[in-house]
Each structure stands twice: as structure tokens, then as C-alpha cells.
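K.L.:
Given chain A, put chains B and C in place with the hints provided.
Quick note, the sequences are listed as chains A, B and C, same order. Each residue of the first sequence is one higher than the one before, starting from 6 at the first, in my numbering. Each residue of the second sequence is one higher than the one before, starting from 6 at the first, in my numbering. Each residue of the third sequence is one higher than the one before, starting from 6 at the first, in my numbering.
Honestly, the hints are just simulated from the structure, not real lab data. Incorrect hints may appear among the rest.
Intra- or inter-copy, both count: the list cannot distinguish identical chains.
[Stated by the list, open to error] Once the Cα atoms are required to be at most 27 Å apart in a straight line, the calculated DSSO-like pairs of lysine-lysine come out as: (1) K274 <-> K307; (2) K342 <-> K326; (3) K194 <-> K277; (4) K51 <-> K90; (5) K194 <-> K205; (6) K277 <-> K51; (7) K205 <-> K274; (8) K51 <-> K205; (9) K194 <-> K90; (10) K90 <-> K40; (11) K40 <-> K205; (12) K51 <-> K40; (13) K90 <-> K274; (14) K277 <-> K326; (15) K90 <-> K75; (16) K194 <-> K307; (17) K307 <-> K333; (18) K51 <-> K194; (19) K90 <-> K205.
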Amino acid sequence: MTSFTLTEIVSQLGGELRGDGDTTIERVASLANAKAGQIAFCAHSKYFVLLESCQASAVIVNAQSADICKIPQIITDNPYAYFAKLSALVNPTPALVPGVSSHATVDLTVNIPASCVVMAGAIIGKNVLIGNYVVIGANCVVGDNVSIGDNSVLDAHVTVYANVQIGARCHFSSGVVIGADGFGYAEEKNSHNNSSYWVKIPQVGRVVIGDDVDIGANTTIDCGALDDTVIESGVKLDNLVQIGHNCHIGAHTVIAGCVGIAGSAIVGKHCKIGGAAMILGHLTIVDGVTISPGTMITRSIKQADTYTALMPFQRHDDWLKTAAQVRKLNELTDRIKLLERALNNPKD
Amino acid sequence: MTSFTLTEIVSQLGGELRGDGDTTIERVASLANAKAGQIAFCAHSKYFVLLESCQASAVIVNAQSADICKIPQIITDNPYAYFAKLSALVNPTPALVPGVSSHATVDLTVNIPASCVVMAGAIIGKNVLIGNYVVIGANCVVGDNVSIGDNSVLDAHVTVYANVQIGARCHFSSGVVIGADGFGYAEEKNSHNNSSYWVKIPQVGRVVIGDDVDIGANTTIDCGALDDTVIESGVKLDNLVQIGHNCHIGAHTVIAGCVGIAGSAIVGKHCKIGGAAMILGHLTIVDGVTISPGTMITRSIKQADTYTALMPFQRHDDWLKTAAQVRKLNELTDRIKLLERALNNPKD
Amino acid sequence: MTSFTLTEIVSQLGGELRGDGDTTIERVASLANAKAGQIAFCAHSKYFVLLESCQASAVIVNAQSADICKIPQIITDNPYAYFAKLSALVNPTPALVPGVSSHATVDLTVNIPASCVVMAGAIIGKNVLIGNYVVIGANCVVGDNVSIGDNSVLDAHVTVYANVQIGARCHFSSGVVIGADGFGYAEEKNSHNNSSYWVKIPQVGRVVIGDDVDIGANTTIDCGALDDTVIESGVKLDNLVQIGHNCHIGAHTVIAGCVGIAGSAIVGKHCKIGGAAMILGHLTIVDGVTISPGTMITRSIKQADTYTALMPFQRHDDWLKTAAQVRKLNELTDRIKLLERALNNPKD
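Next up, chain A with everything else stripped away, as it sits in the complex:
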């Protein structure tokens, strides 16, 4: 197990040390569960109660939270981000032995740098460009002409269609599918009867993904119809997210699980989209917008703010009444109008 003294941690990650710098840390833990040899963090005054009784060997706090507990402390502006970096330090990614598995199938046109790992069952197509320290997981399929930047990692069972461009330091979880055909069909009448059928619009655009993009398990991003689908640098997508063709997701936007974004939607930078939210197609959402979980966005949003649409949940019997009255809102409004008229013309 890797362990660090507080002095070593502060010298690597910054922050101000209070207390014994020789205190040894082996693991990160939560305020509630941390024990000797572990370090926790406190980022908010609502956790002061936990902080006071914390059993950790040290804590990461901000200036406002300093000296609430008696144990050694690292003081920093952003305890949560500090904790994230420290957790990466004490939980290093298991080192993989570089090399191409004899059970992988790599096209002869492809040069795999010696620093890369290509695992068993991975299949890599023609003219694929692979940067240094790239990991291609077990049973991945990488199509022709794909490029993958330095230090990017594809977990097992990732599918990357032909021509997709992937930046550096990306991480795709298992089951991710990048670059499948977008959903585009033109309705055509049968000449001989009144019925119709669907003619597929060839989807000839690519998916272009920036640097530091993380994509969660079983998430799908379709290729563009004519132009490209674009995911800018720093975007983080959770599991089971659907990004339609020709979407453009701005840098550092985070999208939680089960979100669907329909084709040609443009989402700004630094947006936060809650789980199971939906964004209709051909909309534009400016930078810095927050969309609450479960909210369907049906129009463009021109002003940074938080937007919500949810029926409040109730006991089922109460909801039945609410639902009945939602359907009667027209009638309610009419009754109010009649009352207003009667009051204004009491002799009617």
C-alpha cells in the first residue's frame, strides 16, 4: 500500500499544513467513516458536526473550517478538488504492462507505440492513429481511420466507428458506442397506394471529441448527418446518455445519467445537465446553464440560469386528484372569469 506523510502531500499538492507533518496517510475516506491512517475532507459548514468527531488522522479543510477539530489539517481554498487530487495520489491506477495481446487483431497499417496496451479481443481497423500511453481494452472495436490521442483509455467493450477523432486523456467506460449512424429518415409516399415508408439519410459526418472527455458506460454518441458531431474538451458524460447527430457540446459541460439530447442541439460551455433531463433538437443553450434532473427543454435558452420542469411527486391518491384538476385547469379559469364578471356587475 502506498503511504504519504502530510509533509510529502503538501509538497506535491500545495496547501497549508497545520499539525504534525510526519502524520502518515494510507487512504482517503469520508468524514463519517475515516479512521487512523486515513484523511477526509470538509467542504461545507453543514458537515462541521462530522468534522468535530472525525476519527481520521488528518483532514482537508478551508480557512473557514480550520481548527474546528484538533487533528492535523491541510488548509486549501477548494478542499473537494484537493481531496480528488490526493485520492488520485494514494489510489494510483494499476500499472498495465505495455504491449499488444496476441489475442488482439490489429490491422497491418497501424503502428501501436510501445507505451500502449492493446488487450485481448480488441480489434483495430485500417489506418488508425494511436498516441502514446493509449489503452485499448478487451474486446474493443476501433474502426478504420480513427485517431486516439495520448493517454486516452478505452475500457473493455467500447465501440468506435470509422473516422471518429478522439483527443488526449479521454476515458470511455465499457459499452460506449461512438459514431453510429444518426437517426435521419425522409418520408416517401408509395406511388401505387396511399402508404408511406422511410428513406434513410446517409450519415456521413464524423464525431470529433476533444481532450479530457470522460464518457460513461453504455452512452451513445451518433455521427453527424453531413457535418460533424462535436464534443469539446473537458466534457464529462455519465452512463446511458444519448447524444444525437450534429450535436455540439461545449467545453467542460457535465451531463448526468440517462440524459437524451436530440439531433443538432447546441449546448454551451460549463453547463450542468441533471439526470434524465432531455433536450429537444435544433435548440441552442447558452454557456453556464443548469438544467434540473428530469426536465425537458423544449425551446432555446438564451440566459444562464437554472431551469426546471417537474411534476411534484405525491402519494398516489393525492396525485390522482391533482391530475384530474390539471386536466380541468381550463374549466377552473373559466369559473374564475365568471366570478370576476359577477363581482364587477353584481346585478347581472
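P.N.:
Only chains B and C this time, still in chain A's reference frame:
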């Protein structure tokens, strides 16, 4: 790059040519972005502004839009469908070399026609019937007794369970799972205490899929419990759609991303189901119904129309007030009743 | 085809036989479709009409439904659960030949019991512990240090990340991803400008899954951030469900398709969660709660009951009016207040 003159295009796809038939087209593009050597289309008067300033070498228009711009034109009743067919002409699917990869695992009982492609890592079970010009992508798994019609394409990482029937000219994107067990359990009491557990109902039906069915990435279609799950010809499913056991989806119905259809729902032909809509089980929806995105259908629909259920989204602060009042609709109605009574009996 | 007499069935599964015990049953079927040689069940009085005209060779009924039809009957307290067990009897899972495919890649540290099946393309990492009668489907990927209990089955294309613990008699459908990184990032400011970026929180917890857990196609369960994500015994998950990091799902809870449960939510035992429902993170839901389909749960639930939140669907034109009035609920309330004031102070 493939290129065609307008005369060649009209001779293959029909339509009326106006202007220089020797104009050469190399690519399809959007009205806004098209350049020399490219062709765009205009299907709606709201794009006339773009049409007037279009930089394409030619455009596809209908009779109402003819002669708005000065460049060569192809006139047709349905410019969008024409564009789709033309795009397929200028963007032919890359030719694959027929044959079975030495890295595929094909059961000895299976005859793969010489016109087919079976890619590396594909695994094909016993007694599978495969038509001509079928493509089985990398790492696909095809179970025993499956049949796949002529010209159908399975992209990489598709799973087809045993006994599934697939028609001709189908296209399944990566991550599609066809024929997994439906979700059926009977609740059983423990004899020795008050608790209960779930007994699985064996799912012994098949999935039967017609011709020209497209299925998007990571979409799942469960096998039937006793009878079959049926997807009729011409159905198009987007990504991350869930079709429960014993559903029956009528011909030429289109279903957008993130839709869930619960078990035993019967959806008519030529329906259009918007993204993230949900249809409860054991319902019947007639032909030609449109369901708006995000809408939960809780009862059968007997009349072709468009149906919607959505909370309108608002700034979060406004929504908080709306939500509070939705919960108070009962009280509001009571207050209106009291007002009505007071007005009718002013002396009370 | 396996066939059983009613006497044989009752001797194996219990229940009271009425009628000819030599009646032979080859197949289970629905009341509406059953024919000679088949057996159906009736669990509810609303199906008595079907029961009266049923063409099956026998039926499974409860005491209240006995003697409604003249055909041989098995009488039991829970006809649906009895039917489930009988269906398993007449539809035995196809026997697989034990053994490890020569196209599988199994690490040398792993001992595969002779009773197990490991199919082609499966990849099994270091120090994996595999119980007896386990099936690892085609192209599955099982990470280092995973343990899988007796009789568990992974269908094709399942991904199990390193360190995941799986109990006995579990069944995972294709496309399932267990143990991918949870979605956790800390926001960090750039020191040189006003912008921010996301620092990944390492996800070092495991997923721990009990016995008799079924997981549907393309469902994802993330590993914990610090502590484990826990799925207790008897839980049944449908397709395309997302379970966030550090969730704890209580025993025998059933979760229908397309449900999302955000990180650190605690769901009790014996809950029933309808399709496309969503549960926000860091909530606690007590045992025995039912959540209706499509319902977003935004607060903890402390009392067992059924909870619902849905806009009722309407014809689109009607909904447009409803939506407009939902936005005006504030105004409606104000108008009612004015009316009340005017009535109480008629001279104002």
C-alpha cells in the same frame, strides 16, 4: 471521389432538370454550407432566404420553390426524400471484402454464403441461417437457430440471442441486444415467514423482426414470455430504446431515442414516438398516432392524433412556485367553490 | 419435447389436483391461446370469461376460481407463481456442454471448475474466483479479482470490472456493465483566468451483488467512490437501468426498464419501481415503497405507500392550453385572492 452530372442523377433518380445538365456534383451539403461541386435541398418555404443565397452548384426543390435561385435545379415532389437517395448515391457504403475472418468463430453447422462478410471476433452459433450479402460485424454474437435475411448488416458488438428471426435489409447499430429475457416474475410468499421473493417466469417466446428495420446503438428488444415480440417491416428505432416482451410494433413506425415501451404494448403502424416518451404495458395504440417527446402514455389510444404530456419548463424559482401550486390545486378548487356559493347566496 | 402428467406435476410442485391425473402437458400457454396439450393459469376474477372458454388441457387456479371450467385443474394459493415454476419445468434451460472454449482467454491464475462453461471470446482476468456451474457467455470480459458464485450466468457481452463481487444464481443479460467508474468530479478554478475545469474523483469502491440477482440488458451499475455500491439478494433489474455509485438497493426490490437511480441513494427492501422512474441522489427510501412509472423522486420517502408524479397526457391542442395555465397558476391564485377580498369587503 464519386461524382455525377445532374443529367446522370436525373436519369437515375427521376425529377425535372432545370439548368446545365453537365453540372458536376461530388457531395451533398446543407443549404447554408454548400459550396461549388455540392448540391443542397430546400423542402420548406422557411428556408427560402437560405435558398436565395445558396452557394451550391445545384439545388433540389419542389415546384413551389423553383426559380427562387438562379443555379441549376432538380424539381421533385419530395426534395428531402430525393436528397436522401442522392446522398446514398454519392456516399456509397464502403465496399467490404466478402469472406469470413480467420478470427471469427462460426459453428460447423452454419453455411455462410460467399457474398457475406463475417468480421474478426464474431461468434455464430448452431444452425444459424444467413442470407446473401449479410454483414456480421466485429465481436458480434449470434445465438443458435437465428435467421438473418439478405443484405442485413449487424455493426460491431451486436448481440442476437437464440431463435431470433431477422428479415432482409435490416441494420443494427453497435451494442444492440435482441432477444434477452423479458422482465417477468411472480411474487411468492415464503412459507416460514411473512416475506416474499420473486419467481422468474421463463421467457420462451422469440423476437421476430421484419424487413428494412433499423435499430440504433444500445437499444434492447426482449424476447416474448410465451408468444413472440414482433417488430414489423420498415420500423426505425433510435438509440437506447427499450422494447419489452411481447410488444408488437406496427410497420413503418419510428421511435426516437431513450423511449421505453413496456411489455405487451401494441403500437400501430406509421406511428411517430418522440424521444424519451414512455408507453405503459398492455396498451393498444392505433395506427398513425404521434406521441410527443417526454410524454408518458398511460392508457390505450383509439384515435389517430398527436398526444402530449409535459410540464412546461421555467426558471427554477418560478417553477418552485408552480410546483407548490400544483400541489394546492385541490385547495384552489375548494376556494373557487366557496366563492361561487358566496356569490349565489350573498347573505350567507 | 418434455411432457408431464398432471400427477407428475403435482407430485413435484404441490397443489391439489382435480380431474384426470393422466392428462399430459407439453407446454404452458396463456388462457386466451392455450390448446390441447397445454396448461394455462388464472390468477384474477377479471379473466373468468377467458377461463370459461379456455381450450387448454388443464388450468392452474386458486380456490376461488375452481370449477369455473370443466377441464382438469390444479388448485393452489398462488397460480401465477405455480405457473412460473411449471414453466421452468417444461422449458428447461438448454443443457450446455461444460468446458472452456479454445477461443476464450483465461488468465493462468484462474481455476475454472469442470462444471462451468466459458464460451468463445470470453476474457477472464487475474485471480478471478468462479463457483460451480457458472456460465460465462461469448465475448464477456471479467476483470481481475472478480468473484462469481455458484450457478450464476453471464450472457454474451457482459462486462464485469475488476474487484466486483457476484453471488450465486445471478443472471446478467447481454450488454450489462458492472463496476465502471461512478460519476464524480470536483470543480476547480484555473488559477490564471476565471474559468473552471473538472477534477476526477477516483472511484475506488467495489460493486457487491448478492444472490439471485437478475440484471437486464445494457443496464449499468457503477462502482462506489470510497465505499461499495451494494445490490442485495433477490433484486431484479430490467433493461437500460442506471444505478449510480454508492447506491444500496435492498433485497427483493424490483426495478423496471429505463430507471435511473443517482449516486448514494438508499432504496429499501421489497420496493417496486416503475419504468422510467428516477430517484435523485443521497435519498433514503424505506422498505415496501412503490414508485409509479415515470415518476421523479426528489426527497426521501419515510412511509411505505405508492408515490406518483405524472402530467396526464392529452390531445396536443388540449395540452397546449393546460401548459399555458400551469405557467399561470400564480396569476390564477392571485385572482382568487382578489375575489375573496372583494367578497369579504364588498364596498372596497
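K.L.:
For each hint, tell me whether it holds in the structure or not.
P.N.:
Evaluation of the provided hints:
Proximity of K274 and K307 under a CA criterion of 27 Å is satisfied intra-copy only: 13 Å inside one chain copy versus 39 Å between copies. Both within a single protomer and between protomers do K342 and K326 lie at most 27 Å apart by alpha-carbon distance, with minima of 23 Å and 16 Å respectively. Proximity of K194 and K277 under a CA criterion of 27 Å is satisfied inter-copy only: 16 Å between copies versus 42 Å inside one chain copy. In this assembly of identical chains, the alpha carbons of K51 and K90 lie at most 27 Å apart only when taken from the same copy (23 Å versus 52 Å across copies).
In the homo-oligomer, the alpha carbons of K194 and K205 lie at most 27 Å apart inside one protomer (14 Å), although the nearest pairing across protomers, at 45 Å, exceeds that limit. Taking the shortest alpha-carbon separations for K277 and K51, only the intra-copy value of 23 Å comes in at or below 27 Å, while the best inter-copy value is 33 Å. Taking the shortest Cα distances, K205 and K274 sit within 27 Å of each other only across copies (18 Å), while inside one copy they are farther apart (32 Å). Taking the shortest Cα distances, K51 and K205 sit within 27 Å of each other only across copies (23 Å), while inside one copy they are farther apart (55 Å).
Proximity of K194 to K90 under the C-alpha cut-off of 27 Å is restricted to the inter-copy arrangement: shortest distance 14 Å between copies versus 59 Å within a copy. Only within a single protomer do K90 and K40 lie at most 27 Å apart by alpha-carbon distance; the minimum there is 20 Å, versus 49 Å between protomers. For the homomeric pair K40 and K205, the shortest alpha-carbon distance between copies (23 Å) is at most 27 Å, but the shortest distance inside one copy (60 Å) is not. Taking the closest pair of Cα atoms, K51 and K40 come within 27 Å of each other only inside a single copy of the chain (21 Å); across copies the shortest separation is 59 Å, beyond that limit.
Only within a single protomer do K90 and K274 lie at most 27 Å apart by alpha-carbon distance; the minimum there is 23 Å, versus 36 Å between protomers. Within a single copy, K277 and K326 get their C-alpha atoms only as close as 34 Å, which misses the 27 Å cut-off; across copies the closest is 22 Å, which meets it. With identical chains, the CA atoms of K90 and K75 are at most 27 Å apart within one copy only, with a shortest distance of 24 Å there and 61 Å across copies. Taking CA atoms no more than 27 Å apart as the test, K194 paired with K307 passes between copies only; the shortest distance there is 24 Å, against 39 Å inside one copy.
With identical chains, the CA atoms of K307 and K333 are at most 27 Å apart between copies only, with a shortest distance of 22 Å across copies and 32 Å within one. Taking the shortest alpha-carbon separations for K51 and K194, only the inter-copy value of 23 Å comes in at or below 27 Å, while the best intra-copy value is 63 Å. In this assembly of identical chains, the alpha carbons of K90 and K205 lie at most 27 Å apart only when taken from different copies (8 Å versus 47 Å within one copy).
Violation of the numbered hints given earlier is absent; every hint is satisfied by the structure.
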